[in-house]
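From first to last, the protein sequence lines stand for chains A, Y, C, X, Z, E, G and V. When you read off a place in the first sequence, starting at 1, and then add 2, the result is the number in the numbering used here. When you read off a place in the second sequence, starting at 1, and then add 2, the result is the number in the numbering used here. When you read off a place in the third sequence, starting at 1, and then add 2, the result is the number in the numbering used here. When you read off a place in the fourth sequence, starting at 1, and then add 2, the result is the number in the numbering used here. When you read off a place in the fifth sequence, starting at 1, and then add 2, the result is the number in the numbering used here. When you read off a place in the sixth sequence, starting at 1, and then add 2, the result is the number in the numbering used here. When you read off a place in the seventh sequence, starting at 1, and then add 2, the result is the number in the numbering used here. When you read off a place in the eighth sequence, starting at 1, and then add 2, the result is the number in the numbering used here.
Hints may be right or wrong, so weigh each one.
Stated by the list, open to error - Among chain G residues calculated to face chain Z with C-beta under 8 Å, some are:
no.: 1; residue: Pro43
no.: 2; residue: Tyr169
no.: 3; residue: Tyr171
To be verified - Taking lysine-lysine and the DSSO-like style, the derived pairs with C-alpha atoms no more than 30 Å apart in a straight line are:
no.: 4; chain 1: Z; residue 1: Lys16; chain 2: G; residue 2: Lys16
no.: 5; chain 1: C; residue 1: Lys16; chain 2: Z; residue 2: Lys16
no.: 6; chain 1: X; residue 1: Lys16; chain 2: Y; residue 2: Lys16
no.: 7; chain 1: A; residue 1: Lys16; chain 2: C; residue 2: Lys16
no.: 8; chain 1: V; residue 1: Lys16; chain 2: E; residue 2: Lys16
no.: 9; chain 1: Y; residue 1: Lys16; chain 2: E; residue 2: Lys16
no.: 10; chain 1: X; residue 1: Lys16; chain 2: V; residue 2: Lys16
no.: 11; chain 1: A; residue 1: Lys16; chain 2: G; residue 2: Lys16
Just so you know, the hints here were simulated from the structure itself, not pulled from any lab data. Just so we're clear, the structure is a prediction, and the values are computed from it rather than from any experiment. Using N, Cα and C, we set each Cβ at its ideal position, and we do this for glycine too.
There are 8 protein chains.
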Amino acid sequence: QRRGVPEAIFAEGKSIPQVVALAETALETTGRALLTRVSDPQFAALEDYVAETTPDATIHRHSGAVRVVTADYEPPSLEATVGIATGGTVDEAVADEAEAVCLDAGATVDRVDDVGVAALSRTLDQLDRFRDADVMIVAAGREGALPTVVAGLVDTPVIGVPVSSGYGYGGDGEAALAGMLQSCTVLSVVNVDAGFVAGAQATLIAQAIATARD
Amino acid sequence: QRRGVPEAIFAEGKSIPQVVALAETALETTGRALLTRVSDPQFAALEDYVAETTPDATIHRHSGAVRVVTADYEPPSLEATVGIATGGTVDEAVADEAEAVCLDAGATVDRVDDVGVAALSRTLDQLDRFRDADVMIVAAGREGALPTVVAGLVDTPVIGVPVSSGYGYGGDGEAALAGMLQSCTVLSVVNVDAGFVAGAQATLIAQAIATARD
Amino acid sequence: QRRGVPEAIFAEGKSIPQVVALAETALETTGRALLTRVSDPQFAALEDYVAETTPDATIHRHSGAVRVVTADYEPPSLEATVGIATGGTVDEAVADEAEAVCLDAGATVDRVDDVGVAALSRTLDQLDRFRDADVMIVAAGREGALPTVVAGLVDTPVIGVPVSSGYGYGGDGEAALAGMLQSCTVLSVVNVDAGFVAGAQATLIAQAIATARD
Amino acid sequence: QRRGVPEAIFAEGKSIPQVVALAETALETTGRALLTRVSDPQFAALEDYVAETTPDATIHRHSGAVRVVTADYEPPSLEATVGIATGGTVDEAVADEAEAVCLDAGATVDRVDDVGVAALSRTLDQLDRFRDADVMIVAAGREGALPTVVAGLVDTPVIGVPVSSGYGYGGDGEAALAGMLQSCTVLSVVNVDAGFVAGAQATLIAQAIATARD
Amino acid sequence: QRRGVPEAIFAEGKSIPQVVALAETALETTGRALLTRVSDPQFAALEDYVAETTPDATIHRHSGAVRVVTADYEPPSLEATVGIATGGTVDEAVADEAEAVCLDAGATVDRVDDVGVAALSRTLDQLDRFRDADVMIVAAGREGALPTVVAGLVDTPVIGVPVSSGYGYGGDGEAALAGMLQSCTVLSVVNVDAGFVAGAQATLIAQAIATARD
Amino acid sequence: QRRGVPEAIFAEGKSIPQVVALAETALETTGRALLTRVSDPQFAALEDYVAETTPDATIHRHSGAVRVVTADYEPPSLEATVGIATGGTVDEAVADEAEAVCLDAGATVDRVDDVGVAALSRTLDQLDRFRDADVMIVAAGREGALPTVVAGLVDTPVIGVPVSSGYGYGGDGEAALAGMLQSCTVLSVVNVDAGFVAGAQATLIAQAIATARD
Amino acid sequence: QRRGVPEAIFAEGKSIPQVVALAETALETTGRALLTRVSDPQFAALEDYVAETTPDATIHRHSGAVRVVTADYEPPSLEATVGIATGGTVDEAVADEAEAVCLDAGATVDRVDDVGVAALSRTLDQLDRFRDADVMIVAAGREGALPTVVAGLVDTPVIGVPVSSGYGYGGDGEAALAGMLQSCTVLSVVNVDAGFVAGAQATLIAQAIATARD
Amino acid sequence: QRRGVPEAIFAEGKSIPQVVALAETALETTGRALLTRVSDPQFAALEDYVAETTPDATIHRHSGAVRVVTADYEPPSLEATVGIATGGTVDEAVADEAEAVCLDAGATVDRVDDVGVAALSRTLDQLDRFRDADVMIVAAGREGALPTVVAGLVDTPVIGVPVSSGYGYGGDGEAALAGMLQSCTVLSVVNVDAGFVAGAQATLIAQAIATARD
Ligand SMILES: Nc1ncnc2c1ncn2[C@@H]1O[C@H](COP(=O)(O)O)[C@@H](O)[C@H]1O
Ligand SMILES: Nc1ncnc2c1ncn2[C@@H]1O[C@H](COP(=O)(O)O)[C@@H](O)[C@H]1O
Ligand SMILES: Nc1ncnc2c1ncn2[C@@H]1O[C@H](COP(=O)(O)O)[C@@H](O)[C@H]1O
Ligand SMILES: Nc1ncnc2c1ncn2[C@@H]1O[C@H](COP(=O)(O)O)[C@@H](O)[C@H]1O
Ligand SMILES: [Mg+2]
Ligand SMILES: [Mg+2]
Ligand SMILES: [Mg+2]
Ligand SMILES: [Mg+2]
Ligand SMILES: [Mg+2]
Ligand SMILES: [Mg+2]
Ligand SMILES: [Mg+2]
Ligand SMILES: [Mg+2]
């Protein structure tokens, strides 16, 4: 039986009517809709649409990612925990996108922000939470060293997400991506800012673990 | 309790005495040694060393990766299956390195070679095996489309490994890496030719699943 | 006797009066005008100009490409079919530009949208149409695997068009271009988003085939 | 009925026994073998093998490409002409590879060497031959301007092949590839040094034309 | 005695008051001002300033380059001709900048536009003018082949100027720069869009020739 | 009074007689010679030369860097400590080159090897030594995170040296350089493998501190 | 006792309320705030906030960098001089950022502007000031040769800061960064436009020297 | 009357018999031969060939460039001086190639070596010779600042030649090329190591000046 990755609507570059129409179809056929890279005007239109048509639905916003759930939607339940860590403020929107995907799939998310390597003791304080997660997503920009430091300290599989911060040479996430691919610990990696892919891959791993738990 | 990734010796660029000495230490302290990127002369020296010092030890060669196991070594057992698929002949050495890591950790490996997208029906014939694996490693060079095609057809988490084949623009695995990071399905990725990292990450995921099975 | 590629006006970066003047010249000397990369304000000015000066002319819009045909223009006829396939929504504007060139030359166009490799069965369903085309244009962004998959299944010559979609490493069509140049099947390629060039090259091939048919 | 691209063996990076074994299989199953990127020792071994096992077979060498044809092989016949032009001496090996593929498929090849743009009158002298071809392959290194100049003067579809010559910035075929993709005339392009792909794509186009001629 | 390159003010990124103040100083100390990369609002402010303060001065606009000359300014005289050729419309603004520098130094400029290699006969028609120039500037975008074609046909020293046109791989002048640096004829080159540098270098060469003429 | 950076001979790419002659001049004029990137045959020739001509001179080898000191040479004394740390075995040769420069200038060197971030506790154990140094050089390859981690924990100025290790994307020191330039702590950086420059810059800083101590 | 680098708030990409809140916290906890990359609207809001809440505080603006100091703040005192030199007008904002950091730490700053290598005598005139500084920051764009020229003439340690000026190949600071990393003199380098990092590193060096002076 | 650039044979990548045959043709038809990038074995074969066939011919070697002149060859005379300057030892072979071309055309060459910017006073000492040249070629590797410094001090037109020295980021001449294209003085540039092109362009300029002198 396939469960797969939650379907998501990539809103960037689409018109407001297109986004609303796609959300409408998702809600009508599945009782829920997951959208990523939603702009403020797109979000406002979504809110209006939901308020008018299904006022008892719930809207969750995770930076650019948006989950809409109708009142009678039965969310999947996934008995596994995805740990998510970020280095600094700029990494949070990307981690939010990953979190939205995991929550949408029913996983428990344990989120730890602002533990970048420039203040290493804050990172070390969270090791137990990192070790308790079934799989971890670690998002970091600039030099992107956080996933390497975390993966060196835990047995949990770590997915690194480079974030498009930083200026000059290696900016916009390029140094972070290169650093994660060169990591002297064990990481697998997704593209720069690809919170959705990290969340979806973590979900697939969490589903495999939850199935094994049954 | 941490189990972690099997320790490996990166032989490339090391002298023959260095490689033998590192293998000696590993064998004496753990009863086994795992080496990657072992050249032919390094391998010959390893064989000689083992024949002289521990003649009842076993040597397994997986292209450049080498596992040495003493007679009384009790290998770990890992109740989980790692699927490994390759597109063509050039991808096999990289997959062999990944396989060596998984086997060293005690995982079951289900290996499928020569299912590149230029002959799509061969790929489609193997879907059931891909679906039965707990986690998959898919190695591909040139345009690197195979992990995308596989991940689109199965729920198994897929780790893509770009292989340094191809000439001209995007050669040496660059197009494959870029293509896997841009995949329109869900993949996480390791660096070009990083069979070791793919095998180690698959091992961590397999261990999490096996633990859940208990 | 040379027939060549239909002349086209590249509107991007030109002022509205320049674009209108170039269209005017084309209409007066040849009875038709083909423009690419036409913006909304440029299009509005073209419509106004045509409405005022040659109200019985017809305007066809294909995303940014625009064909204007006067009432007494005798379109060329080209007894050959150009197949055009796209992977997803973002590829359609580029394919529209290619289609405009082929139609302008009198070719029959058989267009198939939304057959990206993430949903492979939809691709496989269209194989007969791909095989019946005399030459194919396949547009794809992100990892750009669709032209490879199509070319592996048909004898029709395939021209790959990378589309500037995707973010992060290999984004903006770079991975797609690299992947098509590295394809393990047989493709020739045009630049990223070069729908015009793909359409023009397909037209030259279609003309050679149509001439041979005579 | 599919005819497709002639099967070829990519010899680069394979051992001599592997190359001979692959050629053996090809000869036994189809009566012919086409190999590309064959080194001198690989070629010598092929000659020896053929002399011993099938002494009445014929070996054709086109730089690195090699065609072996048994005495009773019935070559395909393809009623169409592929024109091939090169800019200078360094481009000839790549053109030879393309030529081998076309000849193997039974096409007529009309080859013109040493017509680089630095001596433009030599290029202009050959226009009639370029116009008479059904499809053209133009190979050029350094700045790679020859395909652009040719395509501006003829209606024949032109496939540009960048050649890995030149030193410094844009060397190794990079400037040639970029220049062909940016051409202000109409070209489709293959990767740097990809004579095989150019020959195979020209073959597919020639087959479509020849079929139309029937 | 040094004559050197005419001093110019690089207006891009400067505020309107800064630009006007710099022009004022130049006019007061030398009786003339040369500015490059002047925007429309900067130009309007310059016109206003001149109209108010030195109404009998003359303003010459060459795309973004602007020369202001007071009534009693005695322009230098330079007995030499700089030939300037462009491939297409997009190259003209860059050539205009080069032309402004040459004219400001008193050189004669012989300008030929729209002789790109896609319509080679127009290029060949101008050979005598190219041969009569003392030094040539040839500006071209996209694949940038024009300077190569011209330099192959004349003994005049040719300075190539790549122009930032074209999209996709090698766009924004990159292919043109690479192609000119790889030229199989003899060229020296300036940076992409560096009309000023080309004009200044041509001026230095023209001055050396004019001095020799004395 | 200028003291400056010790003069060094860059041996790479020079012939053995050239290297010996340059060392001879240095020894004769200053009583010492410092050479970098010395190959094994170059070193053997240096040893022979010294043994023959100045048998009481001392030769110090630091990987590729070589210091020769005659018996009556009075070494400079520099009352300051340069700390040097490396991540792993591959970083040691680059650190050796830096160390040779510092020692040649008379500085005290406090060297700590093998404290890469994959085994963070070993790094943390050395903090007191790092804090006691007057200036630090930290060499690291692969993802190059060590200088960032160290600089986040100490007030000592840290100079990062990327090392050309690692394969695939970001290999050969590219990721390490980019990561150090993007560091979220405070670092200044030298080029990949530029141990000499790091040592010389540290020497200049140490000299400034030692002068202040007087 | 650690003194470290002054804490700074990176304002770019933050909302006005976020910036004001971060400044508020800094002011309340330390009596001062240092911000970098502050936009005009962010600055206006900061001014309003300070005027309202702590009207006797002082605001210093150094291009995008802003220092706010309350009336009773006791600034640190640092007995050392940081020399700062720039090549041209475009380099000044980056140097201003560096200067703000040094001043905030209590260092004396000796600033020299407009001494670019195109007018070498102006550079040479300032050598005594460069030699008197304890550490130097040299900011330069375009080809970035100034730090090399300065470091060749003085014993002061020089930190090079590439500035994102210039267009075409090597523009946006890329040539300057590469040139400083390739310098044939002794430099350490920070990223393009990283005035903050240069200032902070110079501060750490100045602090070490000042401590030694005690 | 065209005089043009001396014909040269590019020996790199050609076999010894090919090189000898091309030299033979040149000697027989023109009485001289100019070859570039000649390897040691190629040079030995040339010497043997000349000794046997035309023992009274003269061979001049300029690093990889070789001029052969028969006894009765009447060299062209060119009344103009080409100045050539280099920064350091590694630049000399490239300058030698340029010099060979200029001498072959009959120009006077004024050569100044080892005046790199790290020892600026040596550069400044040569200004009069630089000013007396009719045109200058300046070759420099690493950061490539020498042509910029020279061009800022003289009115002579300067052609910059980047040299493929340096390691790490911007190595192999990339920083030098970028720096010369970004120069804040007036330069035109040839490709990395393109001594031949620099010499040929300087020759064309020298010919124009010499003609004007008549
Ligand atoms: N083929 C490989 N690719 C990447 N990392 C490897 C590889 N083989 C071993 N390693 C890692 O490198 C470490 C050994 O490096 P070394 O100390 O140089 O032998 C091991 O602990 C592994 O984490
Ligand atoms: N979208 C396009 N991409 C590339 N080339 C184009 C495009 N549209 C038109 N062209 C070519 O550009 C020429 C017109 O360029 P222009 O003179 O700038 O209008 C046409 O003759 C075509 O060869
Ligand atoms: N202009 C700058 N460039 C680089 N790093 C900076 C800059 N300004 C502040 N920082 C660093 O970034 C940190 C603040 O980042 P944030 O938390 O995003 O405000 C500070 O502690 C500094 O270390
Ligand atoms: N070192 C060189 N760099 C660039 N072009 C050269 C060089 N030497 C010769 N050439 C050019 O290459 C042509 C000869 O090329 P080939 O036919 O390969 O010998 C000559 O006519 C020159 O225009
Ligand atoms: Mg781990
Ligand atoms: Mg899947
Ligand atoms: Mg096919
Ligand atoms: Mg054509
Ligand atoms: Mg010429
Ligand atoms: Mg620190
Ligand atoms: Mg210095
Ligand atoms: Mg000058």
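To see whether the hints hold, each was checked on the structure:
Nearest Cβ of chain Z to the Cβ of G:Pro43: about 18 Å, over the 8 Å cut. The hint is violated. The beta carbon of G:Tyr169 comes within 6 Å of a beta carbon in chain Z, closer than 8 Å, and the hint placing it at the interface holds. Of the supplied interface hints, the one on G:Tyr171 holds, with its beta-carbon coming within about 6 Å of a beta-carbon of chain Z, less than 8 Å. Of the pairs offered as hints, the one joining Z:Lys16 and G:Lys16 holds, with about 26 Å between alpha carbons and a cut-off of 30 Å not exceeded.
Taking the CA atoms of C:Lys16 and Z:Lys16, the gap is about 26 Å. The hint holds against a cut of 30 Å. In summary, the hint linking X:Lys16 to Y:Lys16 is supported, as the alpha carbons are separated by about 26 Å, within the 30 Å threshold. As the CA atoms of A:Lys16 and C:Lys16 are separated by approximately 26 Å, the hinted pair is consistent with the 30 Å bound. The straight-line distance between the Cα atoms of V:Lys16 and E:Lys16 is roughly 26 Å, inside the 30 Å bound, and the hint therefore holds.
Using a Cα cut-off of 30 Å, the hinted pair Y:Lys16 and E:Lys16 holds, with the two alpha carbons roughly 26 Å apart. Of the supplied pair hints, the one linking X:Lys16 and V:Lys16 holds, its CA atoms being roughly 26 Å apart against a limit of 30 Å. Annotation: proposed proximity of A:Lys16 to G:Lys16 holds, straight-line Cα distance about 26 Å (limit 30 Å).
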